[in-house]
Structure formats: structure tokens, C-alpha cells
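Chain residues, written in single-letter form:
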Amino acid sequence: MNRLKIFRNLVVPVISFSALIGLWELIILWGHVQGYLAPTPLAAWEAISSNWSTLWPLTSWTIKETVWGFGAGAVIGILFGVLMSKLRFLQRSLYPVLVVTQAVPIVAIASPLVLLMGFNLGPKVVIVAWIVFFPVTVNVLDGLNHVDHDLITLARVLGARPWRTFFLIEVPATITPLFSGLKIGATYAVTGAVIGEMAASSGQSLALYQHTQIGQLNSAGVYGTTILMTAIGMSWFLLMITLEHLCTPWLRRSVARRWSRGARTLDNTYVVKGAK
Amino acid sequence: MSIVGPSGCGKSTLFNILSGLLLPDGGEVAVGGKSVVGSTGHAGYMLQKDLLVPWRTVLGNITLGAALTGRVTEEDRRQATSFATRYGLGDFLRHYPGSLSGGMRQRVALMRTLALNTELLLLDEPFGALDAQTRFEMQQWLLSVWRDSQRTVLFITHDVDEAVFLSDRVLVMSPRPGRIVDDVEVAITRPRTLATLTETDFTTIKARILRQLHRDAESLS
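Residue numbers (our numbering), protein chains in the order written: chain A, 2 to 277; chain B, 2 to 222.
Simulated from the structure, these hints should not be mistaken for laboratory data.
Fair warning: this is a prediction, and the values are worked out from it, not measured in the lab.
It cannot be assumed that every hint is accurate.
Interface residues of chain A toward chain B, partial, derived using beta-carbon atoms under 7 Å [to be verified]:
(1) D151
(2) G160
(3) W251
Just so you know, even glycine gets a beta-carbon here, dropped at the ideal spot from N, CA and C.
Pulled out of the complex, with its shape left as it was, chain B reads as follows:
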């Protein structure tokens, strides 16, 4: 599921509340029917900045969550190694992040989030800083990760194409006050490819979301 909306509408604040970093003024956060308001650790949260720590290797970064909460066990290392091997970074386990490209760094950051083994993944514009081509590769990669792990992914983006391409559902938010103004189901078959981007179904859904996003702008003109 993706969330799109203009800057400042509260997308990131929503994620901060969902992850437990911020307390909501009211309301409930429930994962699997259990309230998790104000507690951290139930959701893997990945920000736009990759935030890899430069003094740990790729392997060390993937297992950072385990190191921060307890001991890094053999199992953690095995899992991290298999992630990295499966997603094309097997030869870079002992590399420091400083020697990696932007796309590789984002992949490591996502693996670190995956390694937390939470049911819920919150991804806040993870590919926002990448060039268009790398971004498409990363989207494909994310879909394969999602298919492998079968976890719930909440995805924030500014890019409507990205939202529709990746999601089963897209929530559209309005500017201040931040409200959900539309809930769009994306019933496009998977696996999705480059051709999906130009299908009629795709463009129809995209047009509907764009109309919602730019309602205010149109009413002004």
C-alpha cells in the first residue's frame, strides 16, 4: 500500500506515529489487532536517507538492529549473508558503505530493515534520492523482496507512477489538514513490468490520483 500526498500533509508524521517515535493526539495504532501506540520495534522503518553507519561493514549494517537490541547471533549473520547474496551484494559483505553506490546503499538500508523481521515495513520515500534508471531497478527489486518475504509494506512517495506501479492500494492525502481523500485499489495483475507503465488500466488509475492530488491547484486556475 502506498501513500501519496503533497509536501507537508503529514505523511512522515503518520509514519513516525506508526513506528512509535511520536505519540498521536488521539486514535489507535494496531498491528495484527494489538495496540502498539508509542512503542518502537514493531515496525521496520526506512527513511529517504540510507543512514548506513560508515564504520560498520555491509554485514555489520544489516545486523545493526540485532546489535542495538541484543547480541548479533550466528542466525542473524546467516540471515544477513543470505539477504546480501540473494540481492546481489554477496561480494560486498566486508565492504564499508563509503565504497558503495547510491542504489547499493539503499539496498543495504532496506536489508537492514528486513532483518528486523517485523511484519510491517514503513518505507518513507526510500528511492527519492536515486536517478530514474536506478529507481526503476530498485522498484523491481523491492517487488521481488516483497514477493519473497510476504510482509505488509507501507510506502510513502511523491511519485504517482511509483505508487501505482508498486501497490495494491494507494491512499491519497490532502494538504493541511492532512486527510485521506481517496483510497484507490490497483487491480493490475502481477508480475508488473516496464509495459505495465503504459497500459490503459495504469494510466486511468494514475489520472484519477493526479486529479485528486491537484484538485486545489485546478480550482485556483
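Next up, chain A with everything else stripped away, as it sits in the complex:
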């Protein structure tokens, strides 16, 4: 049973992914596609591995942009969501403004940001945070607004203080929507970082590297860079899935793990004492 589950969740995606790469390789080889138009996956991989010493600093730079941007976006997103669910007038006044921020084309805010913050890390972090916070806010707000009202009533009957109701009832009930927002944000984070690099780069970045590869008609380099960027985005997504998994044990398990919060409240000595 359990082995079957592992097979379904791990082996099947690996197979489908490998099939896709195989298909790519075959199309290029059998279709006699010229190397400068599109590379084989193997060539793209070689373009990464043979230039790793150049690419790694650029990649780590992009990762740094997403770390700060995603972190800031997540914190700001959660903050907005919580504040707006608690203060109705904020929800009415702030929500439309937040929607407007997302309607502005990201590329168009990049240039003003360069004027304000220069060519360093600043504008990229702001752009990533700008994209990430919105889905987080929307999902957290929706989640908090849709907590089972009877549970809130129950908490009142039990004599709860408001902030305890918030942390013990509302927050756990909002974990799933929160992670929906974070997962959407995670996939967008790298997009934001690359847009930032394109619009506001001082020379050394993955986006500019890719641009020079295009100039040299080095398709393998272009695709290799894209693969690196994709890998960053996927890592964020996988990180979020893992975190969500760890934060919601009750969705999959019937018994709490011994080291989890739920189990820690059980002091085994009392079972023994009670039996006496």
C-alpha cells in the first residue's frame, strides 16, 4: 500500500519527465533541427556544466534575489491578509489598491525602481516581492474570512481570548490556503527576478548572460540558462510543498508523531500514574 503510494508520487513523475526530455532529444535529432535554432537536451546540459564556473555566481545571485524577494513578499502578503481580515475598513480601502499594483506591467515599474534604488539587489528584490505578495494576501484573506464560524463561536463559549482564538483556531485553519498562495508565489518568484535582471542589470546576471548567448547564436547556452532559471523556480515550489507537508500532518496521518506538537502534550508518565 505504502510502496504503491511512493511509486505513484515519485516514480511516475520521474518517468513522465524523462519521457519529455527523450522526446525533445528525438525531435531535434530526427527532425534534423540545426544546432543554432535549438539544441538537444544533452547539448544544453553541456552548456551548463562546461560553463559552471561562470554560471554559478550568476545563479547564486538570482537565488539571492528570490530568497529576499520571496521572503519579503511572503511576510508582506501574510501581514496584509491578516490586517485586512481583522480590519474591515482596511479591506475596503486597501484591496482595490493592491489589485492596481498587480495591473501595472512589471516591466514598467522596473525602470522607476532603477531610478530609486540603482542597479543593485534592491530593485530585483522589490519586483519579486511585488509579484509574490499578492497571491499570498488573497489566499490568506480568503482563508481567514472562511474559517468555520461555529469554531469561532465554540472558542467564545470556551471563554477564549481573541488572540488565542486567532493562533489556535484561525491560523491552523488558514494553513492550506496560505500554502496555495505561497506555491503560486514560488513559481512566480524566479520570473520576477529575471524580469528585474533584464530591466535593471549592471552587467552580471543570468538574464544578461542569456542575452549575450542569443547574440552569439549559442542555442545551447540560451536553453541551458533557461533550465537553470527553471530549476530555481522548481526548487522554491518543492520547498513549499515540503513545508506544507510538514505543517499539515493531520491531513495524512491518523496518529500524531511522537515528536509533533500534538503528541508532546501527552505526557506518558500520566498514563502510567493514572493506571495505578
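Following the hints, position chain B against chain A.
Below, chain B without anything else, positioned relative to chain A:
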């Protein structure tokens, strides 16, 4: 004591006022001679839905009241553990509610209410969603809990059998406006068993309550 009455006569509203969730338009709520109008925490209140929080274990759910009002102390855990052990859920302390049956969930919900250690328990159709057999088991169980804890239990139900079986006193309410139209004493000896349900005393009392409940319906025909 049980309260029976047709839907919409204000049984649950009465409980909401007694528990302090709602303010009455007038009148007094007193527990042990002390007025408690509009304040919560003096009564344990259990609703038809079990309202267990899925992210806390059975133990965590029983101690939820303590967690919401202060710290969960060793004493709270000891009490919760002894409740669960005594009432057949000792092996399920670390289980999440998602893996429990309907009857078990209701038992956990009642233990959570008991763990508040209030003198007064308000139970609003706690067994309404259970099948007949589980319901009878739960009634037996409730009687044993009541015997152990010696607390005052106010019980809302639609089921006249249930009301008579459990109670010393049954209040009958009329439809809008909600008034208490009868106050029936149930002088049937305890412990009560399955046989009680078919005794003459039982059926006489049941007939009287049913007549009160369906007065309007009869006058229409």
C-alpha cells in the same frame, strides 16, 4: 433536565443566552444564585456538530478549553487522559479526529465540555447526527458520565424518548412565541436500561409530552 419543543421555538436561542453568547431582551440568568448574564465561561456548551479541530489530537481537543484560556497544565492533561481512559478512548489520545467514528467524535466533544469543569453543562442535540444504535450507546454513556460527575445537565432534543430516558425533568416548549407549556417530572428509578423504554411509567410520561407537543397539530385536524 431536558427541553423538548418544535423547531424554531427558541431552544437553541435559550442556550445561547444561558451560555452568554447572546444577551436577553429581559430577565435574568443565574447560576448558583449569581447573575451571569452576557458572560461566557460559566457553562460548558456542546453543539450538535462535534466541532473538533482537525489539527489537534484527541488529547489536544479535550484540552482545547484550557489552551484557549491559559496554559495547558499537567493537571489538565492528567484529567483529559483519565477521561479518555475511563470512557474508552485511552488508546486514541494521539489520534487526529479525522480517524475517529461519529460516536467517538461526539464523546471527545463531550469530554472537552466536561474538561471545562463547569457546574452547568448545556448539550444541544449532541446525539442528533448519530444512528439509532450508536445513539442509545451514547445515552447510556452520558448517564454514566452524569453519575460520575454529578453536574447539572441541560439537554435539548427533538427525541421525546431520549428526553424521558435521560432526565429527571422535561420542559416542553410551544412554537412561536416560545413558551414553556409543561414541566414534567420523570420519577423513574435509576439506573435505567433498555427495559425502561417499554415500561408503563415511561410510556405514560411520553404520551403526556407528545400530547403537549402536538396540541396544535391535533386542533387543526
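Hint by hint, here is what the structure shows:
1. For D151(A), the shortest C-beta to C-beta distance to chain B is roughly 6 Å, which falls under 7 Å, so the interface hint holds.
2. Hint on G160(A) holds. Least Cβ distance to chain B is approximately 3 Å, under the 7 Å limit.
3. With its C-beta approaching chain B no nearer than about 4 Å, W251(A) sits inside the 7 Å limit, and its interface hint holds.
Hint compliance for this structure: every hint is met.
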